[in-house]
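Protein chains in written order, with my numbering: chain A, 1 to 308; chain B, 1 to 308.
Quick caveat, the hints were computed from the structure, so don't treat them as lab data.
For every residue, glycine included, the Cβ atom is placed at its ideal position computed from N, Cα and C.
Careful, some of the hints might be misleading.
[Said to hold, decoys possible] So the derived label-pair ranges between C-beta atoms look like this:
no., chain 1, residue 1, chain 2, residue 2, range
1, B, T37, A, H195, 56 to 64 Å
2, B, T156, A, M23, 43 to 51 Å
3, B, S277, A, P80, 21 to 29 Å
4, A, G95, B, P80, 32 to 40 Å
Protein chains: 2
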Amino acid sequence: MEDVRSVPCCSPVGVENPHLDKMKEDVLYHFSLGTKTHNLPAMFGDVKFVCVGGSPWRMKAFIEYVAAELSMEDPKSEYPNICAGTDRYAMYKVGPVLSVSHGMGIPSISIMLHELIKLLHHARCTDVTIMRIGTSGGIGIEPGSVVVTKTSVDATFQPKFEQVILGKTVVRNTDLDESLAKELLQCGIELNQFHTVVGKTMCTLDFYEGQARLDGAFCSYTEKEKQDYLHKAQEAEICNIEMESSAFAAMCKLSGVRAAVVCVTLLDRLKGDQLSSSHEVLQSYQQRPQILVGYYIRKQLNAKVKPC
Amino acid sequence: MEDVRSVPCCSPVGVENPHLDKMKEDVLYHFSLGTKTHNLPAMFGDVKFVCVGGSPWRMKAFIEYVAAELSMEDPKSEYPNICAGTDRYAMYKVGPVLSVSHGMGIPSISIMLHELIKLLHHARCTDVTIMRIGTSGGIGIEPGSVVVTKTSVDATFQPKFEQVILGKTVVRNTDLDESLAKELLQCGIELNQFHTVVGKTMCTLDFYEGQARLDGAFCSYTEKEKQDYLHKAQEAEICNIEMESSAFAAMCKLSGVRAAVVCVTLLDRLKGDQLSSSHEVLQSYQQRPQILVGYYIRKQLNAKVKPC
Chain A
1 MEDVRSVPCC SPVGVENPHL DKMKEDVLYH FSLGTKTHNL PAMFGDVKFV CVGGSPWRMK
61 AFIEYVAAEL SMEDPKSEYP NICAGTDRYA MYKVGPVLSV SHGMGIPSIS IMLHELIKLL
121 HHARCTDVTI MRIGTSGGIG IEPGSVVVTK TSVDATFQPK FEQVILGKTV VRNTDLDESL
181 AKELLQCGIE LNQFHTVVGK TMCTLDFYEG QARLDGAFCS YTEKEKQDYL HKAQEAEICN
241 IEMESSAFAA MCKLSGVRAA VVCVTLLDRL KGDQLSSSHE VLQSYQQRPQ ILVGYYIRKQ
301 LNAKVKPC
Chain B
1 MEDVRSVPCC SPVGVENPHL DKMKEDVLYH FSLGTKTHNL PAMFGDVKFV CVGGSPWRMK
61 AFIEYVAAEL SMEDPKSEYP NICAGTDRYA MYKVGPVLSV SHGMGIPSIS IMLHELIKLL
121 HHARCTDVTI MRIGTSGGIG IEPGSVVVTK TSVDATFQPK FEQVILGKTV VRNTDLDESL
181 AKELLQCGIE LNQFHTVVGK TMCTLDFYEG QARLDGAFCS YTEKEKQDYL HKAQEAEICN
241 IEMESSAFAA MCKLSGVRAA VVCVTLLDRL KGDQLSSSHE VLQSYQQRPQ ILVGYYIRKQ
301 LNAKVKPC
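One chain only, chain A, in its complex shape (with noise of 0.2 Å):
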């Protein structure tokens, strides 16, 4: 439990947007948050650690678990949900971790992420670093295995996002950081519990024709064709399919935070569409980023670092 933080001393969370300091007040609308009513810095000053994940109930656990891991839980107390005034994301902390839900999608979790970049902005927070904490269908990959994201690329496996900006595409860059990467896989191997990998990750937005699967609403396609796609996708070194990453890897970059994706593989899509496991082992897997990602705050929280 030995190690140095790679990451540079006191670097802050940047935004890029030269009206914000213009603005007497900014409404964090989505979380129920602002900087006129709320102490943003007492709140959320020591934040080191974000990780996210779509479902909420998902993160209050990862809240539960993460305390436990860092002995910081205080068996008299629930954790209350910071953001309780909305249910359209939910927030938990325990000591210098935030936990955030974001939902489904890349449109979800962009308007959180632009709310949590300002939020840790307005808190002075510095050498935070973000994880998105996820499920996702593998791509001939055992069920369960845990996927680390080098790059992530879109339906056509380009490494980029495409974000509308007054009606132009912009294009963003979406590779995440190779040493935060490289570290979680090293905690994959030191947990020495289930299969981590480093890998590309394809980020589309559908769930059923956008990842063709055979079981939705509408199907235009024959087996084969999705065969012969995700045969392809697998060539061009995909690991795994998920709904997020693409905004999340190009946001964090944006605004010079380290961050990482890491989501476990709920089946394996070169055999089947359907989510038919039962509901015992889908959440004991659903457990194991959280496992990874516990370790390696643990880790780094052990670590020597030196002061700023």
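Given chain A's structure and the hints, the job is docking chain B onto it.
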């Protein structure tokens, strides 16, 4: 309150997928429902109106409102969440009315609609009308106005929805049912409680940069460029901006159900970006689509319908 329904009698909910017939079981994963585990015809066979909206709290409030409106409320009972086994979506039912949440953005509503359309198909529902009741930003209209969508357009003001299938882009039509929009406008006139209009709705993939806001974590354009873009949208007869209508319109059209989008405008985007009105004002605005659609449903149920 005397009217004749203009929908064809006993029109089923269409799925366009030859693979579905070969499946022994269909697990509607994101609803935590399935054809083997649940008797879908018994649970949902009488559904005639489905109302969908982003927020689970709002969709629960809607079912309580509509139960009272239809004099179907049971003072002893809470309305249970039919999808209690998952936190992805929430679903409530009273009599022939189903209320379902869909989260934020096209990918999130898309997953829900695939599973909803299959659910209605498996349940052998007929003559179903689906209405989205949501919130939006207005363009040049008074905040609190209710917009019934004529056509959903994209960020380049084109009436289309681009669905990526096997890595290729397929363009789909986003027209909504014209007669239903007219009937809803007529309800607005009869209610006479708030301003109701029929117009075009722009559907974007992002809330901040995608809608020309100046208050996101990132912004690379000037106030003037923002105003130019929104004024061009206004010239193209766009009344409001939201994030789900194009996929909603396209998927409902493919399945052959009558569909409408009814959104209140929470602010005028020509005058600002932040949702800084009081909680009470925003809450009262959000009830307006519920009031309009609740009135429409009551009117339909009271109308003389020829037996099939």
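Each hint, compared with the structure:
1. Between T37 of chain B and H195 of chain A the CB atoms are about 30 Å apart, so this pair departs from the stated range of 56 to 64 Å.
2. At about 29 Å, the beta-carbon gap between T156 of chain B and M23 of chain A misses the expected band of 43 to 51 Å.
3. Between S277 of chain B and P80 of chain A the C-beta distance comes to about 26 Å, which sits within the given range of 21 to 29 Å.
4. Between G95 of chain A and P80 of chain B the Cβ separation comes to about 37 Å, which falls inside the hinted range of 32 to 40 Å.
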